[in-house]
Amino acid sequence: MDAEERRRGILESARRSGSMDVGQLAADLGVSKETVRRDLNRLEGHGLVRRTHGGAHAVESAGFETPLAFRTTMHVPEKSRIAAAAAELLGDAETVFVDEGYTPQLIAAALPRDRPLTVVTSSLATAGDLASAENITVLLLGGRVRGGTPATVAPWAVRMLSCFVIDLAYVGANGISREHGLTTPEPTVSEVKAQVMRATRRRVFSGVHTECGAASFCHLADVAEFEAIVTDAGLPAAEAQRYSLLGPEVIRA
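For the sequence shown, position 105 matches number 105 in the UniProt record's numbering, and the numbering has no gaps at all.
Fair warning: there could be bad hints in the mix.
[Stated by the list, open to error] Only pairs whose alpha carbons sit at most 20 Å apart, straight line, appear in this in silico SDA-like list of lysine to any residue: (1) 33 x 1; (2) 33 x 8; (3) 33 x 21; (4) 33 x 53; (5) 33 x 5; (6) 33 x 4; (7) 33 x 45; (8) 33 x 57; (9) 33 x 6; (10) 33 x 51; (11) 33 x 9; (12) 33 x 52; (13) 33 x 55; (14) 33 x 54; (15) 33 x 2; (16) 33 x 13; (17) 33 x 3; (18) 33 x 44; (19) 33 x 23; (20) 33 x 50; (21) 33 x 19; (22) 33 x 12.
Read the hints as simulated data drawn from the structure, not as lab findings.
Construct the complete structure from the given sequences, taking the supplied hints into account.
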């Protein structure tokens, strides 16, 4: 196991249990305590954990988000399958909103190029990827650029969205649960996503199975507002059925 794989394992363990002990991690991973401490320091530098005496705890639920650069290294095969399945739901939509985040960025890359399409996005990465695509018109929402994502937020983005009627939105979140719906840690992000929900006729949620059952600080939508949830096969079939009872089709790519 190399350092990157080890740190991913530590992070996943943190999210499952909420907290970690250096000694236990060292024993589980077969490495020294000093190696674990260095890994935790690196993860803390990315804002993924917070160090405590003798260990660390996960902080995403406390208002921290994993930066986009880190998301591009996690669950990549699953996210690629999710993106392909989500893009197939495009139907006859002519205007599409693509959310911030790595999975929506992959969805944008999977959209067809053989017919006219207008893509509205808050993601600088997605706007850059699609800018030169034939048949695609890109509208980038204005506003303050968040460094970690990077994407635009704040009232300017919300006001732009209020002027549109969009056929289909691909929406992401930091967590989705049957009890709390879609949530995200950052209020300004939640405001943009909530306005997307009001501005669109059809909505598709896309995200890996680890986001299912998680809840963060700011509610932005209910599960019943979506026509589909696209995730991976890591979500148990029984749990997928429970989500589908709320209204959306659940696709396990």
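Q) residue 33 and residue 12: Cα distance at most 20 Å? A) holds (18 Å)
Q) Has the given pair, residue 33 with residue 44, been kept, meaning a C-alpha gap of at most 20 Å? A) Satisfied, since the Cα-Cα distance of roughly 16 Å is no more than 20 Å.
Q | Given pair status - residue 19, residue 33, alpha carbons within 20 Å | A | Roughly 16 Å separates the two Cα atoms, so the pair holds.
Q | Given hint residue 2 paired with residue 33 - CA-CA distance at most 20 Å | A | holds (16 Å)
Q: Given the hint that residue 33 pairs with residue 1, test it: the Cα-Cα distance must not exceed 20 Å.
A: holds (16 Å)
Q. If you draw a straight line from the CA of residue 33 to the CA of residue 57, is it 20 Å or shorter?
A. Answer holds: residue 33 to residue 57 is near 16 Å, not above 20 Å.
Q. Within a Cα-Cα threshold of 20 Å, do residue 33 and residue 3 meet the stated pairing?
A. The given pair, whose Cα atoms are some 14 Å apart, holds under the 20 Å limit.
Q) Holds or violated: are the alpha carbons of residue 33 and residue 23 at most 20 Å from each other? A) holds (6 Å)
Q: For the pair supplied as a hint, residue 33 and residue 50, confirm whether the alpha-carbon distance does not exceed 20 Å.
A: holds (17 Å)
Q. Between residue 33 and residue 51, does the CA-CA distance stay at or below 20 Å?
A. It holds: about 14 Å lies between the C-alpha atoms, which stays within 20 Å.
Q) CA of residue 33 to CA of residue 54, is that 20 Å or under? A) holds (10 Å)
Q: Below or equal to 20 Å on CA atoms is what counts here, so check residue 33 against residue 45.
A: Within the cut-off at roughly 18 Å; holds.
Figure legend: structure checked against the earlier numbered hints; every hint is met.
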